[in-house]
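Same order as they appear, the protein sequences are chains L and G. First residue of the first sequence? That's 0 in numbering that gives the first Met the number 0, and the numbers climb one at a time after it. First residue of the second sequence? That's 0 in numbering that gives the first Met the number 0, and the numbers climb one at a time after it.
Simulated from the structure, these hints should not be mistaken for lab results. Computed from a predicted structure; not experimentally measured. Please note that the accuracy of each hint is not assured.
Stated by the list, open to error - If you anchor each label on the Cβ, the simulated ranges turn out as follows:
1. Asp108(L) to Gly49(G): 53 to 63 Å
2. Leu124(L) to Trp65(G): 28 to 38 Å
3. Ala137(L) to Ile53(G): 39 to 49 Å
To be verified - A few chain G residues facing chain L, derived, Cβ under 8 Å:
4. Ala134
5. Thr137
6. Val142
Glycine is no exception: its CB is placed at the ideal position from the N, C-alpha and C atoms.
Chain by chain, the residues run as shown.
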Amino acid sequence: MYTSILVPLDGTERSALALETALPLARLQGARIIAVHACAPLILDPDDNRPDDPIRGAWGRERVQLAHDTLAYASRRGNEDGVPVTTELSRSDHPYEAIIAAARDHGCDLIVMASHGEGGLVARLLGSETQKVLTHCAIPVLVVR
Amino acid sequence: MYTRILVPTDGSGVSALAERAAIDFARACGASIVALAVGQPYPPPASTEGAMVIDAALETEALQAWATRNATRVAGAAQAAGVAATAVTDIAYAPADAIVEQARRHGCDLIFIGSHGRRGLSRLLAGSVAQDVLAAATVAVMVLRPQPQQLRAEDDT
Chain L
0 MYTSILVPLD GTERSALALE TALPLARLQG ARIIAVHACA PLILDPDDNR PDDPIRGAWG
60 RERVQLAHDT LAYASRRGNE DGVPVTTELS RSDHPYEAII AAARDHGCDL IVMASHGEGG
120 LVARLLGSET QKVLTHCAIP VLVVR
Chain G
0 MYTRILVPTD GSGVSALAER AAIDFARACG ASIVALAVGQ PYPPPASTEG AMVIDAALET
60 EALQAWATRN ATRVAGAAQA AGVAATAVTD IAYAPADAIV EQARRHGCDL IFIGSHGRRG
120 LSRLLAGSVA QDVLAAATVA VMVLRPQPQQ LRAEDDT
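The whole structure should be built from the sequences, with the hints applied where relevant.
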């Protein structure tokens, strides 16, 4: 049914749950997982992290580390469970755009994503990026809680 | 992995897509299906000023018959594919609430739902049941999108 499953990860526990849901599904289907993490270009380019602002610099470095850690985690879990995982660090200010682009570029036939992400408004009925992905994408989306 | 999947059906083409996908998915996961049809009555008018007599029971009867037909059809299709299935019906003004409640009542861990997902003001209403289910669900929800040929067939413009 599914051969290529896209799993967006923002580094939160909720998105880790999406990965944990996708792994056994991928295993069952003999599918590959595409793990994508979006990070703003301004943060990924070290030259733009102003040297005169040490706090911004430190935050930027932490943010980049989170991006790498998140994708490394996805790779490790794939290895542990015997599921092929392709990781993608997407330079984008808008996670939903990165998600839809990655799904298109990798020919994904399913997206598995958390209902909510890192946004503080947990009281929202549905996370904003999840909402936008649902509005714009053409393939099935499994919204995990 | 998922063990019991709720599949709502409204008899539409979009719903049919979700039904087929749910059956395939259930078979792959070894899950069972709860096929749910929700009859949605028109809210009764406050008054027709004597213009006509409205027998609410007639409408309920018709809706119940429609719901039973559809739920049984989907459950039958699942069983024919080797998937254990139960047919469940409900009558509710708000189908989304009924879907979420029946999922809870039957211990479902996944809800399959089709969404029109069309743009434009008039189209927003078409996807509203899916939207409301997503907002209220406490379990995972698989949202299916209509295929282009489906959209053309369903288009009423």
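Hint by hint, here is what the structure shows:
no.: 1; hint: Asp108(L) to Gly49(G): 53 to 63 Å; verdict: 58 Å, holds
no.: 2; hint: Leu124(L) to Trp65(G): 28 to 38 Å; verdict: 30 Å, holds
no.: 3; hint: Ala137(L) to Ile53(G): 39 to 49 Å; verdict: 43 Å, holds
no.: 4; hint: Ala134; verdict: 4 Å, holds
no.: 5; hint: Thr137; verdict: 7 Å, holds
no.: 6; hint: Val142; verdict: 5 Å, holds
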